[in-house]
Amino acid sequence: MPENLPDINISSLAGPLYVVLILIEIVAIKLRGGGGSYEAKDASTSIFMGAGSAVIGGSLGFINIAVLIFVYNLAPVKLPFNVWTFVACFILWDFCYYWAHRYYHRCRWAWAAHVVHHSSQHYNLSTALRQTWTGLFTGALVLYLPLALLGFHPALIALCGGLNLIYQFWFHTEYIDKFPKWVEAVMNTPSHHCVHHANNPRYLDANYAGVFIIWDRLFGSFVPELASDPPRYGLVSDLGTFNPLRVFSHEYVGIFKDITKPGLTLVQRVLYVFAPPGWCHDGSRLSSQQIKQNYVAKHGKPKNNAGLPE
Amino acid sequence: MSDLWALFIVALFAILAIFAFVRWLYPNRETHAITDDIFRRELRRHDQPKPIDNFVLSVSGEAAIARTSARDELIILRRVGDRYSLRVLPVSSLHIRPSKSETALVSIDDFTWPAMRFDMNDIQNFARANA
Numbered sequence: 001m002p003e004n005l006p007d008i009n010i011s012s013l014a015g016p017l018y019v020v021l022i023l024i025e026i027v028a029i030k031l032r033g034g035g036g037s038y039e040a041k042d043a044s045t046s047i048f049m050g051a052g053s054a055v056i057g058g059s060l061g062f063i064n065i066a067v068l069i070f071v072y073n074l075a076p077v078k079l080p081f082n083v084w085t086f087v088a089c090f091i092l093w094d095f096c097y098y099w100a101h102r103y104y105h106r107c108r109w110a111w112a113a114h115v116v117h118h119s120s121q122h123y124n125l126s127t128a129l130r131q132t133w134t135g136l137f138t139g140a141l142v143l144y145l146p147l148a149l150l151g152f153h154p155a156l157i158a159l160c161g162g163l164n165l166i167y168q169f170w171f172h173t174e175y176i177d178k179f180p181k182w183v184e185a186v187m188n189t190p191s192h193h194c195v196h197h198a199n200n201p202r203y204l205d206a207n208y209a210g211v212f213i214i215w216d217r218l219f220g221s222f223v224p225e226l227a228s229d230p231p232r233y234g235l236v237s238d239l240g241t242f243n244p245l246r247v248f249s250h251e252y253v254g255i256f257k258d259i260t261k262p263g264l265t266l267v268q269r270v271l272y273v274f275a276p277p278g279w280c281h282d283g284s285r286l287s288s289q290q291i292k293q294n295y296v297a298k299h300g301k302p303k304n305n306a307g308l309p310e
Numbered sequence: 001m002s003d004l005w006a007l008f009i010v011a012l013f014a015i016l017a018i019f020a021f022v023r024w025l026y027p028n029r030e031t032h033a034i035t036d037d038i039f040r041r042e043l044r045r046h047d048q049p050k051p052i053d054n055f056v057l058s059v060s061g062e063a064a065i066a067r068t069s070a071r072d073e074l075i076i077l078r079r080v081g082d083r084y085s086l087r088v089l090p091v092s093s094l095h096i097r098p099s100k101s102e103t104a105l106v107s108i109d110d111f112t113w114p115a116m117r118f119d120m121n122d123i124q125n126f127a128r129a130n131a
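Protein sequences appear in the order of chains A and B. Here the first sequence is numbered in my numbering, starting from 1 and rising by one per residue. Here the second sequence is numbered in my numbering, starting from 1 and rising by one per residue.
Calculated from the structure, these hints are not laboratory results. Hints may contain errors.
Stated by the list, open to error - Distance condition first, Cα-Cα at most 27 Å in a straight line; then the derived DSS-like pairs of lysine-lysine:
1) K301(A) to K50(B)
2) K181(A) to K303(A)
3) K100(B) to K303(A)
4) K298(A) to K50(B)
5) K178(A) to K30(A)
6) K303(A) to K178(A)
7) K30(A) to K41(A)
Unchecked claim - Over the 12 Å line for every Cβ pair with chain B, so calculated as not near, a few chain A residues:
8) L150
9) P180
10) V183
11) L264
12) N304
As the list claims (entries may be wrong) - With the Cβ distance kept under 8 Å, some of the chain B side facing chain A (calculated, not the full set):
13) L86
14) S107
15) F111
Here a beta-carbon is modelled for each residue, glycine too, at the ideal position from N, C-alpha and C.
So that you can see chain B by itself, here it is in the shape it has in the complex (with noise of 0.2 Å):
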């Protein structure tokens, strides 16, 4: 058992090295806030091609929310590392509550989507406009 303790505390040695090498290496370049152009490349590429009419972008820009023309869906865009992770849901799942200093967190359904902050006058105006 020791032995196996001594090889995970090895492994977490292993694991800042390599995380250190491959930022210096591969330096995250994907750290703009996503622009219409990056939400309709991430459309295509989850095989989504769907119209999206506006969408509105969360503080820090690596989270955006679009709607479709289907009056009830929405589509959350979000920036995981260097890579995009998007999902298609009913208007019904997004839930947004008040936070500080006049932002909004917004959440779905989902244990691996952590909350997304967003301007509160940009998402209520978003969720007006979808009302």
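One chain only, chain A, in its complex shape (with noise of 0.2 Å):
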């Protein structure tokens, strides 16, 4: 039954797992030379990052968790709970996670909350505890919504999400590489990921997935990893500190700055906040597909043109 299910933060209750596999990528990288890197202040910034993330996140989840209860009890049919359920709650959640992942990316809003998480020039697995501590207000929880009308219980859909997010800490490590090509054609793995967080041109916006590659397969915003173009890791302006609270707060800040600048209409204002990255009204800045453009005109096509525009 649904009420039986266990009210927990099964992702947070996680954490000591993620230091002990911190501290074996840690000791294994060191032992085989190669394969990752650390550096002290950083992995220390992405751990703090992710305790106030999961301190932020465990004292206002009842607000989710309020908002999914109210709209479940609005389903017309509640789904029980068995495996078939959780399979398919788990599959959907994952849908969703590919949809708000990318409204993350498309929308500065919601990019101002997510961009902590690409903040780190290293990729490795306290990369993955990098996380924002305004991930509540991106207004992102409205795409999961559907779930609870669908009738799959509050619960189900937070322990479907716990699990996805587990899911993800393991794939941020370049320690490991390829998997069999049937692995990687359906599951997240940390090749496509890492696709995800470099700054190439060719990887900006893209491999949005959480636990299933296909739904970037699927909707056109998938980019393969090529080893004629290693993923550099960051944002496109690299940060100059550490400081979680720079880390955390600058684009809001810029945010800020941009909205306030004088002789801008109300549109443009607007535009600021919710446009994708990069937009600005007097062309100094460039979005994304601006840089992949630019990137092709300087460049020239390469052979393979995976995340260009064509």
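Got two chains here, each in a separate frame; can you build the complex from them with the hints?
Here's what the structure looks like:
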């Protein structure tokens, strides 16, 4: 019965597991002499952001649950809890996550929260913990409400969300290379997700998937990792600090500065908040699409133009 | 709620332990002043293969500013941990204000880039050359 489901945030409870796996990766990279890198301040900032996210998420998570329960009560059919509804909910949650994640990257308001996760120039397990403190305010919850409306119990939705996030932890690593083709075809893997964290032009706005990479393949956002274009991690405009408060708030500060510029129309101010990151009224910045176009204009069309304009 | 704060405090200890462990296992070898080779390497890495004329080094050696062949363009390179951050900016975005001991604080309009300390003469000469 849905009422018997545990109301726990299993993603936060996995904290000790995360720490153990990070320690294993730190040692493993050292022993192998490659396959990733660690830097003390970078890793500390990432884990601090993760701890803050767990505390804030845990404190305010009841709001998400309350909204889900409200919508669930409107559902015409209440689904039972069994293996089949669990599997269905898990797959559909991942589908919703794909669109939520795409929204994080394509709307500056949501990007201001999500940018934290992409702000490290390293790609290792600690990067997975570099999470936002303001996820609740992005409004992305709306994209998960159809699950409650379909009749999935909020506790089941939360359970699937937690398991999904736990899955997403392990592939933030350079230590593991590619998996057999059938795995890479269906599942999100370190190779697919490192593309998502790279700031090479062709890799921008690619591979949004959580667990199943099939969503990217279906909706045209899949870009494979190419040996000819090794990923370069971090933001298009690198940060100059490890200060967690600045890492957390810098895009919000940027939005505030932009919308308070004198001489803008109301529409321009609104676009500075909700248009894709990089949008500007005077052409002084570049969106990811413009960065890709400039890259092709500068370097010509490469042999493999995956992720670049036709 | 108290569980969450307990989790947070435990996390702080874990962070300190991991910080010390990583620092011991991976000491930062990028501790020397930025050189011409580093500057050019980072330009290539950031896909900015612009020719640079000369650069001025900060007091700590961890930041450098160069001008490009484009008349009103600057490139600022800054070491952040063991990596480098780079910005290509118009000259007008550089703010110089005098500080103590014949140095100047140089900042850009970026919340995540704390001000950099340069020798006053160096930065003035650099600014003059770009005027």
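Cross-check of the supplied hints:
Of the supplied pair hints, the one linking K301(A) and K50(B) holds, its CA atoms being roughly 20 Å apart against a limit of 27 Å. For a cut-off of 27 Å, the pair hint linking K181(A) to K303(A) stands: about 22 Å separates their Cα positions. Proximity of K100(B) to K303(A) is assessed by CA-CA distance (about 55 Å); at most 27 Å being required, the pair is judged violated. A hinted pair counts as satisfied when its Cα atoms are at most 27 Å apart, and K298(A) with K50(B) qualifies at roughly 12 Å.
Restraint check for K178(A) and K30(A): satisfied, since their Cα atoms lie roughly 20 Å apart, inside the 27 Å limit. For the hint linking K303(A) to K178(A), the alpha-carbon distance of about 22 Å falls within 27 Å, and the restraint holds. Among the hinted pairs, K30(A) with K41(A) is consistent with the structure: their alpha-carbon atoms are about 17 Å apart, no more than 27 Å. L150(A), annotated as away from the interface, keeps every beta carbon of chain B farther than 12 Å; the closest lies near 31 Å.
P180(A), annotated as away from the interface, keeps every beta carbon of chain B farther than 12 Å; the closest lies near 31 Å. Annotated as non-interface, V183(A) keeps its C-beta farther than 12 Å from every C-beta of chain B; the closest such distance is 30 Å. The beta carbon of L264(A) sits about 17 Å from the closest Cβ of chain B, which is more than 12 Å, so the claim that it is off the interface holds. Non-interface status of N304(A) relative to chain B is upheld: no Cβ of that chain comes within 12 Å, the nearest being about 17 Å off.
Residue-level restraint check for L86(B) holds (minimum Cβ-Cβ distance to chain A is 6 Å; threshold 8 Å). Hint status for S107(B) relative to chain A: violated, with the closest Cβ pair at about 10 Å, above 8 Å. Evaluation of the F111(B) hint against chain A yields a held restraint, the C-beta minimum of about 5 Å falling below 8 Å.
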